[in-house]
Amino acid sequence: MERDVEAVVLRNGGKVLGKVRHPLSTQDFSSFLLQAQASKAKIVGLANAGGDVTNSIKQGAEFGIVKGGQNFAGLLVFITDVHALGLEKAQGLIFTETFYWDMNEQTRAFAKRFAERNRGIHPTMIHAGAYAGTLHYLKAVEALKSDDGTRAIAKMKEMATDDPLFGKGVIRADGRKIHPAYLFEVKKPSESKYPWDYYKVRVTIPANEAFRPIDQGDCPLVKK
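Residue 212 in my numbering is what sits at position 212 of the sequence shown, and the numbering runs on without skipping anything.
FYI, nobody ran anything at the bench for these hints, they're computed from the structure.
Certain hints may be false.
As the list claims (entries may be wrong) - Here are the simulated DSS-like pairs of lysine-lysine, each with C-alpha atoms no more than 30 Å apart in a straight line:
id, residue 1, residue 2
1, Lys67, Lys200
2, Lys15, Lys200
3, Lys139, Lys177
4, Lys89, Lys188
5, Lys58, Lys112
6, Lys187, Lys145
7, Lys112, Lys200
8, Lys157, Lys139
9, Lys15, Lys187
10, Lys187, Lys157
11, Lys58, Lys19
12, Lys42, Lys200
13, Lys40, Lys188
14, Lys155, Lys187
15, Lys89, Lys40
16, Lys188, Lys155
17, Lys168, Lys112
18, Lys168, Lys223
Working from the sequences, and respecting the hints, build out all of it.
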């Protein structure tokens, strides 16, 4: 992630002012966060996940990093992380995801059904992706009248995807599902109007720009 993000930043005319790595499951991020704060970088990228990313953001709020004019950019953040942090600490965080439960009536209906079966917790893009992928597989099996794995995969790539969570899309020869992505920013507490109302869309990234080009992946499934 560090390599890919740095390449994108430089390609778009940005500068990387510094990098620092921490051990997994670090409890005290103060030295790392203070280095990031001292760099005066506009964006502090967090290439960690799970408890490490939530602890980074939580302790960053204590140091006033976002209130001081910098923004955290999470490379792997889910809505459940934001929920665990709370908006007071997570506000201003920016990141990309391919799904948000509150995008339209169809995503809201899915989230309502999901939350009713999951102690009120709303779906992440992983849950949505599993649902959409399974739905497309079942459509392929129905079209084939067979559940043969090799034929089902070929059919899934042949058929356009269309589901209530991601809309229309395609599966490329390398197996990657192509659809739009979104740059989100976590709302301030004053901007949130109801439970799990956490994100605002800053940019919609078109499907043809949201994923690495197929010719850059070196996937053996792609014929040269």
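Hints versus structure:
{"no.": "1", "hint": "Lys67 x Lys200", "verdict": "holds (18 Å)"}
{"no.": "2", "hint": "Lys15 x Lys200", "verdict": "holds (26 Å)"}
{"no.": "3", "hint": "Lys139 x Lys177", "verdict": "holds (15 Å)"}
{"no.": "4", "hint": "Lys89 x Lys188", "verdict": "holds (9 Å)"}
{"no.": "5", "hint": "Lys58 x Lys112", "verdict": "holds (28 Å)"}
{"no.": "6", "hint": "Lys187 x Lys145", "verdict": "violated (47 Å)"}
{"no.": "7", "hint": "Lys112 x Lys200", "verdict": "holds (19 Å)"}
{"no.": "8", "hint": "Lys157 x Lys139", "verdict": "holds (12 Å)"}
{"no.": "9", "hint": "Lys15 x Lys187", "verdict": "holds (27 Å)"}
{"no.": "10", "hint": "Lys187 x Lys157", "verdict": "violated (37 Å)"}
{"no.": "11", "hint": "Lys58 x Lys19", "verdict": "holds (20 Å)"}
{"no.": "12", "hint": "Lys42 x Lys200", "verdict": "holds (20 Å)"}
{"no.": "13", "hint": "Lys40 x Lys188", "verdict": "holds (22 Å)"}
{"no.": "14", "hint": "Lys155 x Lys187", "verdict": "violated (41 Å)"}
{"no.": "15", "hint": "Lys89 x Lys40", "verdict": "holds (20 Å)"}
{"no.": "16", "hint": "Lys188 x Lys155", "verdict": "violated (45 Å)"}
{"no.": "17", "hint": "Lys168 x Lys112", "verdict": "holds (22 Å)"}
{"no.": "18", "hint": "Lys168 x Lys223", "verdict": "holds (25 Å)"}
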